[in-house]
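These protein sequence lines are chains L and Z, in that order. Residue numbering for the first sequence follows my numbering, starting at 80 and increasing by one per position. Residue numbering for the second sequence follows my numbering, starting at 80 and increasing by one per position.
No lab work stands behind these hints: they were computed from the structure. Please read all numbers here as calculations on a predicted model, not as lab measurements. A portion of the hints provided could be inaccurate.
A pair holds if it fits inside one copy or across any two, identical chains being indistinguishable in the list.
Stated by the list, open to error - Result set (BS3-like, lysine-lysine): computed pairs, CA atoms no more than 30 Å apart in a straight line:
| hint | residue 1 | residue 2 |
| --- | --- | --- |
| 1 | K159 | K120 |
| 2 | K291 | K354 |
| 3 | K359 | K336 |
| 4 | K159 | K281 |
| 5 | K426 | K240 |
| 6 | K177 | K336 |
Number of protein chains: 2
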Amino acid sequence: MWFTCEKELLENAINTVQRATSNKTTYQILEGILIKAIDNKVVLTATDLDLGIETYIKANVNKNGAIVVNSKLFGEFIRKLPNDIIMIEVKDNNVFIKCNKSEFVIVGNNPDEFPSLPSINENTMYEISQDLLRNMIRQTIFAIAQDETRPILTGILFEIKDGMLNFVALDGYRLALKSESIESSQNISAVIPGKTLSEISKILEPSDDIVKITFTPNHILFTFENTKIISRLLDGEFINYRQIVPDEYKLRVKVSKNELLDSIERASLLAREGKTNLIKFEISDDKMVITSNSQIGKVYEEIEIELEGEGIKIAFNSKYFVDVLRIIDSEEIYLEFSTSVSPCVVKKCDSNNYIYLVLPVRL
Amino acid sequence: MWFTCEKELLENAINTVQRATSNKTTYQILEGILIKAIDNKVVLTATDLDLGIETYIKANVNKNGAIVVNSKLFGEFIRKLPNDIIMIEVKDNNVFIKCNKSEFVIVGNNPDEFPSLPSINENTMYEISQDLLRNMIRQTIFAIAQDETRPILTGILFEIKDGMLNFVALDGYRLALKSESIESSQNISAVIPGKTLSEISKILEPSDDIVKITFTPNHILFTFENTKIISRLLDGEFINYRQIVPDEYKLRVKVSKNELLDSIERASLLAREGKTNLIKFEISDDKMVITSNSQIGKVYEEIEIELEGEGIKIAFNSKYFVDVLRIIDSEEIYLEFSTSVSPCVVKKCDSNNYIYLVLPVRL
Numbered sequence: 080m081w082f083t084c085e086k087e088l089l090e091n092a093i094n095t096v097q098r099a100t101s102n103k104t105t106y107q108i109l110e111g112i113l114i115k116a117i118d119n120k121v122v123l124t125a126t127d128l129d130l131g132i133e134t135y136i137k138a139n140v141n142k143n144g145a146i147v148v149n150s151k152l153f154g155e156f157i158r159k160l161p162n163d164i165i166m167i168e169v170k171d172n173n174v175f176i177k178c179n180k181s182e183f184v185i186v187g188n189n190p191d192e193f194p195s196l197p198s199i200n201e202n203t204m205y206e207i208s209q210d211l212l213r214n215m216i217r218q219t220i221f222a223i224a225q226d227e228t229r230p231i232l233t234g235i236l237f238e239i240k241d242g243m244l245n246f247v248a249l250d251g252y253r254l255a256l257k258s259e260s261i262e263s264s265q266n267i268s269a270v271i272p273g274k275t276l277s278e279i280s281k282i283l284e285p286s287d288d289i290v291k292i293t294f295t296p297n298h299i300l301f302t303f304e305n306t307k308i309i310s311r312l313l314d315g316e317f318i319n320y321r322q323i324v325p326d327e328y329k330l331r332v333k334v335s336k337n338e339l340l341d342s343i344e345r346a347s348l349l350a351r352e353g354k355t356n357l358i359k360f361e362i363s364d365d366k367m368v369i370t371s372n373s374q375i376g377k378v379y380e381e382i383e384i385e386l387e388g389e390g391i392k393i394a395f396n397s398k399y400f401v402d403v404l405r406i407i408d409s410e411e412i413y414l415e416f417s418t419s420v421s422p423c424v425v426k427k428c429d430s431n432n433y434i435y436l437v438l439p440v441r442l
Numbered sequence: 080m081w082f083t084c085e086k087e088l089l090e091n092a093i094n095t096v097q098r099a100t101s102n103k104t105t106y107q108i109l110e111g112i113l114i115k116a117i118d119n120k121v122v123l124t125a126t127d128l129d130l131g132i133e134t135y136i137k138a139n140v141n142k143n144g145a146i147v148v149n150s151k152l153f154g155e156f157i158r159k160l161p162n163d164i165i166m167i168e169v170k171d172n173n174v175f176i177k178c179n180k181s182e183f184v185i186v187g188n189n190p191d192e193f194p195s196l197p198s199i200n201e202n203t204m205y206e207i208s209q210d211l212l213r214n215m216i217r218q219t220i221f222a223i224a225q226d227e228t229r230p231i232l233t234g235i236l237f238e239i240k241d242g243m244l245n246f247v248a249l250d251g252y253r254l255a256l257k258s259e260s261i262e263s264s265q266n267i268s269a270v271i272p273g274k275t276l277s278e279i280s281k282i283l284e285p286s287d288d289i290v291k292i293t294f295t296p297n298h299i300l301f302t303f304e305n306t307k308i309i310s311r312l313l314d315g316e317f318i319n320y321r322q323i324v325p326d327e328y329k330l331r332v333k334v335s336k337n338e339l340l341d342s343i344e345r346a347s348l349l350a351r352e353g354k355t356n357l358i359k360f361e362i363s364d365d366k367m368v369i370t371s372n373s374q375i376g377k378v379y380e381e382i383e384i385e386l387e388g389e390g391i392k393i394a395f396n397s398k399y400f401v402d403v404l405r406i407i408d409s410e411e412i413y414l415e416f417s418t419s420v421s422p423c424v425v426k427k428c429d430s431n432n433y434i435y436l437v438l439p440v441r442l
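Kindly generate the complete structure, drawing on both the sequences and the hints.
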């Protein structure tokens, strides 16, 4: 193998595929990046066996070939080189990297030992913009389950139904549902691991460029620009989330998102000290009072609201409110309540493409 | 106690004194900030018994008084308030904090239990600009000893001699000496704890405003703007550093600081893998070759230099070079050598106010 390429292109490609490199593995080859030079392209691949990322860059290939190099060391060295042309050559399993007057030699690994990514027939493709996919991930992923008690809840439901794409995450205490219209005559339902979506959202740009999505029974493939990301899907049935979201309410509060967030953040300073994260809402007429108590003190916060319906007293884990208020992209929001033991639903005032549901704490 | 003040002023004052708050203490009162309202001022004080910081802000004081509040909780709450007027009132050891429609109550501690800072007679004052003091700290502090085997080396020597102010740090492997002229007819020598100077450098601004410095046999006092910082000094004699710095050399290399830093950083990637941090210099005629080796590979770097004298082969711990090259503020530097077992001296080409000395590794 022997090729030259631009440092910046190579660095970006390494940054992309490194997101799939395994950090805690006993299988040493997974700490590496597979580099393949074919004709006028260099293809980089990394995988931890659950998630695989492949990307290519333009290069001047003098001799086709392949090698596996340690991802961390190779990445750090390339990053520290000046922005110039890099030459990479493999002789007897030694990888020579040259740039200006710098020369780096590392021992490579046999490319035949590198696991190949599952091959996926790219028949049915769904299309969505990078920016939209990023937002759908960001607005739901925080609500996935953090423990593995029910593995299916560590993923996000990807559902296409009746021309809508729905992302759903829930952990038993709250649920986040983000919807966008999509062009598709087919319905589909699959659960994508949270880790996969978290890494993808770091690679996606806030741009209108298209991501193509394909499924097999066990895998999902994302294709955009020069990059392919393949992940296994989670086994099992997702919870029937439609049964959980209430379709009516007894009272509805309209409130400024930022004022509510600031007040809850201050109240949660003490709630945190008490280790319960407990905050109480007292809603009546034109104001909402938020309080929290602990051994060392108490907080009282008052916010102006618009109320439809009767008042209510209800308590929550403050973290579940802070999480959603930090990511919701709307100036004003609705809070919908029924009783002090039934869930609160958070919606945007200016759009119905986002629903967040949170269970109260019984006092 | 009862006063009102601007949120921003109070927040800045908290940020300043918090640098002396003790984090790992069994003496609970040291986790607090002493707040004293006197006439039209509010004075905040924190100390960990080694380091004490006191600062004051303007305030409308309705009732003089004092209280101790938990530093972390108080600081976080004030920080999260809007930029507005804050009212603070103490009733029966409860501290009431009000701002707009937010109200926070925390239990305070008895101010009489808070240790008072040593009182210092501000007779002889040395003056230096904030920016200069910041730089003198930054360019020496990285060379202090990290372990407590010889406690005196965990401090920086503050020496005034013959109209020069010298800061000296050394750890047995390298030495950093920064000098500036100062107006003083007296000579002085004291060793200031590294931790004190590290916290001070985070409070100082890059401005021409003056810092006044006073000594007692056991303490040092820094005064600037509304702030006083008092620290104990380290006991014992500092090493006679003048004996260590060689006053001649056999060969001298002129080199671009950034090129040398980049090359050494790349070489140290492998040096680090080998866990020795070992890099080798081979200096001859108009070039300097830097190499490093480990089981998994090797790096070869070549840099253009101007050489006075004969060539040399010499080896170093790369970390000791990276540290100084990251902070030295000069485009071009001199490296002065005598033999492969005697120290290398690093100097700036455009000034003689900085000397760094590093011991080689014997091969």
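We went through each hint and held it up to the structure:
1. In the homo-oligomer, the alpha carbons of K159 and K120 lie at most 30 Å apart inside one protomer (23 Å), although the nearest pairing across protomers, at 52 Å, exceeds that limit.
2. Taking CA atoms no more than 30 Å apart as the test, K291 paired with K354 passes in neither setting, with 44 Å inside one copy and 45 Å between copies.
3. For a Cα distance limit of 30 Å, the shortest separation of K359 from K336 inside one copy, 17 Å, qualifies, whereas the shortest one across copies, 59 Å, does not.
4. With identical chains, the CA atoms of K159 and K281 are at most 30 Å apart both within one copy (22 Å) and between copies (29 Å).
5. For the homomeric pair K426 and K240, the shortest alpha-carbon distance inside one copy (21 Å) is at most 30 Å, but the shortest distance between copies (70 Å) is not.
6. Taking CA atoms no more than 30 Å apart as the test, K177 paired with K336 passes between copies only; the shortest distance there is 22 Å, against 54 Å inside one copy.
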